[in-house]
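Chains E and H supply the protein sequences, listed in that same order. With our numbering, letter number 193 in the first sequence gets 193, and the count goes up by one each step, no holes. With our numbering, letter number 275 in the second sequence gets 275, and the count goes up by one each step, no holes.
Each hint should be verified, as a subset may be incorrect.
Subject to a maximum C-alpha distance of 16 angstroms in a straight line, what follows is the list of computed EDC-like cross-link-like pairs (lysine to aspartate or glutamate) [to be verified]:
1. E:150 to H:148
2. E:180 to H:281
3. H:150 to E:148
4. H:82 to E:289
5. E:82 to H:78
6. H:130 to E:78
7. E:130 to H:78
8. H:180 to E:281
Going by beta-carbon spacing under 8 angstroms, a handful of chain E positions derived as facing chain H [said to hold, decoys possible]:
9. 22
10. 25
11. 41
12. 44
13. 47
14. 145
15. 147
16. 149
17. 155
18. 164
19. 249
Interface residues of chain E toward chain H, partial, derived using beta-carbon atoms under 10 angstroms [claimed, not checked]:
20. 103
21. 104
22. 105
23. 212
Simulated from the structure, these hints should not be mistaken for laboratory data. Glycine included, each C-beta is placed from N, C-alpha and C at the ideal position.
Protein chains: 2
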Amino acid sequence: MKYCFGVDIGGTTVKMGLFTTVGELIHKWEIKTRTENGGEAILPDISRAIFDKMKERGLEREDIVGVGVGIPAPVNAEGIVKNTANLGWGYKEVVKELSELLGGMKVAAGNDANVAALGEMWLGAGHGEKNMIMVTLGTGVGGGVIVDGKILIGANGAGGEIGHICVNYNEEDCCGCGNKGCLEQYASATGIARLARIRLKKNDDLTVLREHKFINAKVVFDAVKENDKVAIEVAEEFGRYLGHALANLAVVADPSVIVIGGGVSKAGEVLIPFVEKPFHEKAFFANQETRFVLATLENDAGICGAAKLII
Amino acid sequence: MKYCFGVDIGGTTVKMGLFTTVGELIHKWEIKTRTENGGEAILPDISRAIFDKMKERGLEREDIVGVGVGIPAPVNAEGIVKNTANLGWGYKEVVKELSELLGGMKVAAGNDANVAALGEMWLGAGHGEKNMIMVTLGTGVGGGVIVDGKILIGANGAGGEIGHICVNYNEEDCCGCGNKGCLEQYASATGIARLARIRLKKNDDLTVLREHKFINAKVVFDAVKENDKVAIEVAEEFGRYLGHALANLAVVADPSVIVIGGGVSKAGEVLIPFVEKPFHEKAFFANQETRFVLATLENDAGICGAAKLII
């Protein structure tokens, strides 16, 4: 039996997993992400954790196929990062450095959202598929496009930035990226809350949403489940932006399946028709068979996809 | 020296090219596309033409690496076509059938627009790049997305259908595909002529466009070169639709270069700024370095990309 490690670097913790090369998650654990001093300890900490785990499990160097890493930043095809928002790293040759720390072990790296998509393809909701789009609806909107079983990395390692597709050329509020009208402004958790607040100001019709001091995506979809008319309107607006954006993406990427993940997807199956209906209304005829499913791996998607990077 | 053939099947003629595997086009010629009787003669005609050319050039079976084919229809990763609009074929296992006709020679097949994009990457405007978008502005708008040096084929062989990205949700006229607001309705040769006709009806201000009984894309861009105000407005509208669509595509495909080809691109360099400016206004910060260039291979893009399919 051969093994590999999947590593998902976040701003607070590094998630780690030991896998068999046939896709069994044997063991998972976390270490702290030490971002001080330009994040200089992050890779040495990971390498130490891997050696410790190998010792603990009685694994030899020749049992390990390699180590895959997901990073919260664009990562190019050579495993190089140019900058990170929350790890302290500037330019860093991640694959080269970590491989050296691991005594020449094979290392691969990718963007964390892209890697999570690969994880869902390998062991999650996209299992058995080779052409897939994953959209992650969290604080922001992230995603990954899988083409013929591989991550669409792009020239700058910035492939699959679905959240910054412009879906409204008349928007006046700014997105975090500096542009206006990005999908993220309507389909993220914060975007849905924003749509709800705007809707509540429009008139004073009755809705359970007004009973909440703080409106978030969960409040909106809980109200949808109670058949609240205003909440349904908000969900329809969210779904129209997301469904139309995915239809435009599908005409180019031609996926067999679209996986919806992230915190917002915890609303469950109730979410799907709001996205699927406008998708089918606008999708190209060749993409009408595309299926919508919810992500299944939750927080393990990152370590799973990272492990798959090197298999 | 090893050789290969690139074959570009069109509705009227089949273009054929003999290449060295290092990318030299040795010889090109055409045969008629015989579409009668369900197009049953097309593949046998191609196979005969290849054997004849090998004999003529004194090439042996072991000198030939294989034959690549571009087809005007979606072609899946297994080289299977489900239907064609103008070849007479229904379901056809093109790769398997042609390989059998060629005595087991290696055959690969792809969609013609995608294959043309691959050709421009190999020997044309995208030479040296591995992540590229090509958009072909002809009677319709076609295209191809190259990811890490390979065609984005997709689950149904319908990847890269750039012309059917929806760019105007308020459009009332129908696209040929049945949807409304497709890029093709604004950025194809016919789309540009349509924009011009709509603009001319708006008011009766002076423009050289009124001197033409029949307005086409060439007339519009010729007038742009003469600094005609109304023609410039039409070109700006065309460029805004195309530039914004390409910005939305770039945020996902992250190309280093965007190649503009097809009949409309014969307008020349004058075209580029009309597309580039709105692209940069809306592009994600990671895609601001993307370059715009005109295609260089013209009608040879198809045979070049077809040959590259098997190398």
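Hints versus structure:
1. Pair hint residue 150 of chain E plus residue 148 of chain H holds up; C-alpha atoms about 10 angstroms apart against a cutoff of 16 angstroms.
2. Annotation: proposed proximity of residue 180 of chain E to residue 281 of chain H holds, straight-line Cα distance about 10 angstroms (limit 16 angstroms).
3. Only pairs whose Cα atoms come within 16 angstroms are accepted, and residue 150 of chain H paired with residue 148 of chain E is accepted, the gap being roughly 10 angstroms.
4. At most 16 angstroms may separate the alpha-carbon atoms for a hinted pair to count; residue 82 of chain H and residue 289 of chain E meet this at roughly 15 angstroms.
5. Restraint check for residue 82 of chain E and residue 78 of chain H: the C-alpha separation of about 38 angstroms exceeds 16 angstroms, so the hint is violated.
6. A hinted pair counts as satisfied when its Cα atoms are at most 16 angstroms apart, and residue 130 of chain H with residue 78 of chain E qualifies at roughly 13 angstroms.
7. Simply put, residue 130 of chain E and residue 78 of chain H have alpha-carbon atoms about 13 angstroms apart, close enough for the 16 angstroms limit, and the pair holds.
8. Taken as a hint, the residue 180 of chain H and residue 281 of chain E pair is honoured in the structure, with Cα atoms around 10 angstroms apart against an allowance of 16 angstroms.
9. Evaluation of the residue 22 of chain E hint against chain H yields a violated restraint, the C-beta minimum of about 24 angstroms exceeding 8 angstroms.
10. Below 8 angstroms, beta-carbon pairs count as interface contacts, and residue 25 of chain E has none with chain H, the closest being about 27 angstroms; its hint is therefore violated.
11. With a least beta-carbon distance of about 28 angstroms to chain H, the hint placing residue 41 of chain E at the interface is violated under the 8 angstroms criterion.
12. Of the supplied interface hints, the one on residue 44 of chain E is violated, with its beta-carbon coming no nearer than about 29 angstroms to a beta-carbon of chain H, more than 8 angstroms.
13. Taking 8 angstroms as the C-beta cut-off, the interface hint given for residue 47 of chain E is violated, the closest approach to chain H being about 28 angstroms.
14. Look at residue 145 of chain E: its Cβ gets to within about 6 angstroms of chain H, closer than 8 angstroms, so that hint holds up.
15. Hint on residue 147 of chain E holds. Least Cβ distance to chain H is approximately 5 angstroms, under the 8 angstroms limit.
16. Violation of the interface hint for residue 149 of chain E is found here, the shortest Cβ-Cβ separation to chain H being roughly 10 angstroms, above the 8 angstroms cut-off.
17. Nearest Cβ of chain H to the Cβ of residue 155 of chain E: about 4 angstroms, under the 8 angstroms cut. The hint holds.
18. For residue 164 of chain E, the suggested interface contact is upheld, since its CB lies about 5 angstroms from the closest CB of chain H, less than 8 angstroms.
19. Taking 8 angstroms as the C-beta contact cut-off toward chain H, the hint placing residue 249 of chain E at the interface holds, the least distance being around 6 angstroms.
20. Annotation: residue 103 of chain E was flagged as interfacial toward chain H, and the flag is violated, the nearest CB pair being 29 angstroms apart, outside 10 angstroms.
21. Given hint, residue 104 of chain E at the interface with chain H, is violated; its Cβ is 25 angstroms from that chain's nearest Cβ, farther than 10 angstroms.
22. The criterion of a C-beta within 10 angstroms of any C-beta in chain H is not met by residue 105 of chain E, whose closest approach is roughly 24 angstroms, and the hint is violated.
23. Using the Cβ-Cβ criterion of 10 angstroms, the hint placing residue 212 of chain E at the interface with chain H is not satisfied: the shortest such distance is roughly 31 angstroms.
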